[in-house]
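Engineer: If you want the building blocks of each chain, they are given just below.
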Amino acid sequence: MKTYHDIAGDGGSGILEQVAEQRARIADGLAGVRHLVAVGSGKGGVGKSTLTLHLAGALRARGLRIAILDADFNGPTQARMAGVQGALFVPGSRKVALPRTSNGIAVFSMGSLIPESGSLEFESEARRESHTWRATREFALLGEILGSFDWGTLDLLLFDLPPGAERTVQYADFLGARSSFVLVTIPSEVSRGVVARSVAALSKGPYRVLGYVENMSGYYCRDCDAIKPLFDPGGAASPCPPAHNALGRDLAGASAKAGRPPLLSELGVSCLGTVPFDPDLARLCDRGIPLGELADTPVGLAIDHVARQLLDSLESTPPTEPSR
Amino acid sequence: MKFLCVPCDSPMKLQSVGPPERGSLSVVYSCPECGYEMAMLTNAYETQIVQSLGVRIGPQGDREASSTSGAGCPFSSMIPAMESTSRAPADGEKQPFDPARGRPGESSEPMPVRWTAAAEARLANIPEFVRPMAKTGIEKFARERGAVEVDEQILDAAREFFGM
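Those sequence lines, one after another, are chains A and B. Residue 1413 is where the first sequence starts when you use this note's numbering, and the numbers rise one by one after that. Residue 2 is where the second sequence starts when you use this note's numbering, and the numbers rise one by one after that.
Please keep in mind that the hints were generated in silico from the structure rather than gathered at the bench. Every residue, glycine too, gets a C-beta built ideally from N, C-alpha and C. No false leads were slipped in.
The following residues of chain A were derived to be distant from chain B, with all beta-carbon distances above 10 Å: (1) Leu1442; (2) Arg1634; (3) Thr1709.
Computed cross-link-like contacts, BS3-like style, restricted to lysine-lysine with a CA-CA straight-line distance of at most 25 Å: (4) B:Lys14 to B:Lys3; (5) B:Lys3 to A:Lys1414; (6) A:Lys1414 to B:Lys14; (7) B:Lys141 to A:Lys1507.
Given only the sequences and the hints, what does the whole structure look like? Please build it.
Structural biologist: So, in structure tokens, the structure goes:
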């Protein structure tokens, strides 16, 4: 009796061919993109979206062509922060044009489509069983977005990932070995522990972790013109910098013995920089105003430093060869 | 998934797909050797998993027809949610785009706008979930310029106007 692999095709639907067509459309859509960089963490509330937007702004200020895909479909924030809520999508001859910020960053965010009083809903005969199909559906949606919108020629396409260590890996699997990751943490052991899990999960695949950013590493006090501590310094991701990568992986065991999550540098992840919290930055984000006016403040300088480190890391680390 | 006619040791061919009924699909296969027919009846979870992959079950001709009409598009189910709600900007909030633009149901009896075949063909490039919002917004853009027809020039003007 014949087995599955003895039979060509599936009798008529061509499911595998349809999946191949989807992948071809995505590859075509991303053909002009030099770098795919996903900004993730695993931990929620660490400032991934804010950092993504302002990192994009700092890269754009260096003359690079940048787009953001807000991959947090269920909690999109980029539309508001980038000032493209209610954006109009206009079809071109092949693809759909993307709205842009006033400083020229193309942005796709579900927040442009779904008002903040609404939620992303999928029609389903198995609505109360969404845990069985919802993630698959969302990735089909991501594929449609990548294949339908005009990403054009870009130096970097930044993905603002949703929280969850498992989601980080799922996006890595979806985007493939072309993608690189920047992980965001804050100076707390809880955050560091979750991000360490993301690092561990990503290390099982052919994925490139460019480094981590320690966000909210103190807050900027305008009255004092100084950075003051926001968290217990003991929770910091690592002594960052200097020599953040020189400690070696074997020290991860020392942290474990001490009952602490490993320092990210102990896991071989480089520090791209630290960024203080600035209440003015939060205000700009709420109102969809670009970072420009904070360019010379500690937070602006810190984000510019991260952008520079990111570019250096991208240029110095070749993409991982696909192992599949 | 493949089906094999065991007596003939021959792969069965897809014959037809019945419309979904309470979440179940009826997919009929037949053996090209002996003509034996069988039906695969999916439960709601199986139907949903296939839909979630963004693929369609059915002969190629049927798939192309449903693709043209937008049926089964992974975005289509989002349209009601998008049409039912809108928000007003907070005081001082920057709004380079008018959030009311393109939200159906907010204007009273707008003047109808025709679409040329070429413009309509471009509209089909938009994923179905964005299409109603984009269409309404473009029609409003055309009306504001005194046009009664959306053609490719109007679409190009809209792209330029929004800095795309």
